[in-house]
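*Asks:* Chain by chain, the residues run as shown.
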Amino acid sequence: MNKPMILEVKDFSLGYTAANNELVSVLRNVSLDIEAGEAIGLVGESGCGKSTLALAMMAFLRSGSQVQNGQIRYHGSNLFEKTEKQLGKLRGGKIGLIPQNAGQSLTPTMKIHAQLAEALRLHSDLPRSTWHQRSLELLKQVRLPAPDAMLQRYPHQLSGGQQQRVAIAMALAGSPDLLVLDEPTTGLDVTTQAHILELLCNLRQELGMTMVFVSHDLGAVARISDRIAVMYAGEIIELGSCADVLRTPAHPYTRGLLNSIPRLDAEGLPPSLPGYPPKVGSVKQGCAFAPRCTHATEQCQQDAALVAENSHAVRCHRSGDLRRESASINVIQLPVKPTLEPLLNIEELQISYHKAGLLDQWRNIEPPVATVDEINLQLNKGETLALVGESGSGKSTIMKAISGIQAPRKGQIELGNEDLSIAVEKRSNQLKRNVQMIFQNPDASLNPRHTVCEILQQPLKLYFGLNHESCRQRAAELLELVRLAPHYLDRMPGQLSGGEKQRVAIARCFAGDPDLILCDEVTSALDVSVQAAVLKLLKELQQQKGVTYLFIAHDLAVVKAIADQVAVLYQGRLCQIGPVDEVFNGVHHPYTSALLNAVLAPDPEHQPKLSGDDASEQHPPAQGCAYQRRCPQADQTCSEQSPPWRNDGNNRIRCHHDLLELTLRNNSPELIEVANF
Amino acid sequence: MTAITATHSVPVTKTESRWAQAWKNMRRSPSGMIGLSILCLHLVVAVLAPWIAPYDWTLQNGYIMFQGPDTEYWFGTDNMGRDLFSRTLMGGREAIMVTLLGTLLAIVWGGLAGMTLGFVGGKVDEWLMRIVDALLAIPWLLFLLLIIALTGQQSWTLILTLGFFYGVAVIRVVRGATLEYVPRDFVVAAKTRGESRFTIVTKELLPNVLDALLVEAAMRWAWMLLAFSSLSFLGFGVVPPTPDWGLMIADTRGMISIAPWAVLFPAMALSTLIISINLTADAFAKAIGLDRAKAPV
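Line by line, the protein sequences give chains P and V. Convert by adding 1334 to the 1-based position in the first sequence; the result is the number in the numbering used here. Convert by adding 10 to the 1-based position in the second sequence; the result is the number in the numbering used here.
With the rest of the complex left out, here is chain P:
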């Protein structure tokens, strides 16, 4: 240990006083030394205290919380003994923070140059005259194209990735030696996420900063960190080098977590961790993971110490025994037999949000290009079709059209023999019942003022006109279907965990006994271990009930695990469609390969390949291929003519280049330097 420690967390405990005057510990005896220049990843599921720890590293406590014991030393001096003024100088200056949602952390009424000037005024000693020059340098440093023009824009005029880059530039303005990144890539598209991570890696090499990287995504952490600290219930349970933790995880929780991540190179569904993480502060003694651990013994009721072996520390009584056992991944296979009976048929669907005003009609103004166009999809009974694409690719718009809350401009949607292109109010009860939807965020899709019973009653009353007593009976059966005990009936959504809420949402959707279920990013708001369980549940229900899923996801590994068919969308146009195996392993559309290459894996060796830039487009092009502006292989024809469909068996690709050409390109992906100047 020759290198100086930049930050030492020593036996640090943090708690807050709960309503019943009890002190609840959020962090329990955390010790962590961070060397200058290293990047450390804090990983764990929601509520494990990782963000709290990261904020405490800036001596920032959420109101109501207090330090119980221990200290955090920055360059040898305790942060919590400094005055507010000293801390103010430090935060944003020497210790920079990059927040999760850059869009919300930038002031919407200030132009980018004003935001940067503010950061420079507070945290640099540069004279005012050099600020403009320095701002330009900073924007170049974060690889933003055309920095001059960028300075004159407002935050809302930038894409999510660009906003995140500006937030990074602001953090760099104070030339920090420690950078705290709180989930910096969560909520971004896969391609954008890969670009931002690449940028952070480069910046670290250029500037030699120390980084604390907080994330629930082990793939993102693997990309950037030297060491990883795994947290569970406010404790560090495993700490070691990135390769050690990810390749030879010693704690059963870390193993379970790694196993539950769906991977592109695996078949079937990942196994899930049983149970749910404990509530904050509910564990006072013993191993917090013991109730969920398959290896737990009597001994686990006692506190375990963090035992280090070759700088790989584990907090587990049984780690010695477990290391000898091989960590095998047993993938769950739940074969579902899709039938050949067609259920959903979409033909030449076109949707536009534009409503022509009277004046426009009168002046005969061309309406803008439709948001979604030329969508043809066929879905058989019992099949799962996944729609993939970045945000703004029209996936949700298609779902809205199918569920009848957004009228299509042209085209046909049919369920069996019935017309689905009519608004939901005009559909028959039978048809309403047959199409159900599960939403992304169960926090938002369950009415916070209703009990679980009332939530489940609504569709039962609407579709079957059941009376109160039989509703309750049926609601209990529905809960059983999603593996929840009947005592959940009288709880409010606020009292349930994320996974439980999503199960209730799934139960509500099955109340109508539907044929087609629309799943809108159903697992993206959930923790990985819970995600695996929910995916398994969905698959089991499909086996049991023979339902058909139309699945929206941005995580390609999830799609690989659950779907039979994949449709890749870009700017509301289909790029590629076909069976999962053939689309993922066969010939790719250039956009499909861009998406696949950007996928992260929890493996220190894995490096996403970047192609093109991550600038998102506002509107699809008026003519030619939708992907022409970002495609590295685009030529003259691509911008003039609509590309033809090319078939490789069931794998259909819409591109001007022929299949052979595409295959060759796929095998030698060109690495294109991001936004070269």
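Hints listed in this document are in silico derivations from the structure and should not be mistaken for laboratory results. Note that CB positions come from ideal geometry on N, CA and C, so glycine has one too. Careful, some of the hints might be misleading.
[To be verified] Heads up, incomplete: computed chain P residues facing chain V, CB under 7 Å, no partners named:
(1) M1733
(2) S1737
(3) I1739
(4) R1783
(5) P1793
Position chain V relative to chain P; hints supplied.
*Replies:* Just chain V now, with coordinates in the frame of chain P:
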């Protein structure tokens, strides 16, 4: 496959209902409890007044005009020698009855209209809100006087007109509160299920805007009391032999230099009632966490 919930051991704490929690929070606020006790006192007195009034509140007695407060006539007597204590006890009955019914009407119609407009949105909402703005711009007191002059001084016309006008103000508040919930997924979920508009408004939106509605109701009630007393003061409220605070103040205000008690006691009764409603409403709003944005988190 065993039920997942069977294996996990998060203690099932029976949490109290929101209203029990709100009551607990409210008990911590001294001003709220003072307000609530005064309010309750007023309501009890209003109900029991005919039985606790020591004298006949309409009996005129020329021999005892403008007597100061003493042991026989606790609040003194007025210009017609009527016992002020009995009249003050009785004076709130009509006002409270009319304004309570008026508030109820305002809340029901304003609340439903506000939620529906917020939910429907679009052109309908835009145009109707402009009408609401126009109605809000009318000086309501003058308008009330006009309507009463046209229809006469019955209680039910007062209730209807007060309820209508105060309902217009409720529309704005409730629509604002509704707009926050309309884009939420649970409303979209209800739409995709094919629920009727009425069900969505009453089942999905109402429970969420109920807090705002209740606080608004309390505030409107206080304002309406003031409006009712103003009307009585101007001679358009209660028909004279019936005692009413506003009317009592109006009748005796000329004699304030010789008999200040005749103005003071009804004025105090009116102001304590209004202040107590405001205090209670404020404390209630805080207790259910409505102004969470303002409170230091």
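*Asks:* Hints the structure violates: just list their numbers, smallest first.
*Replies:* 1
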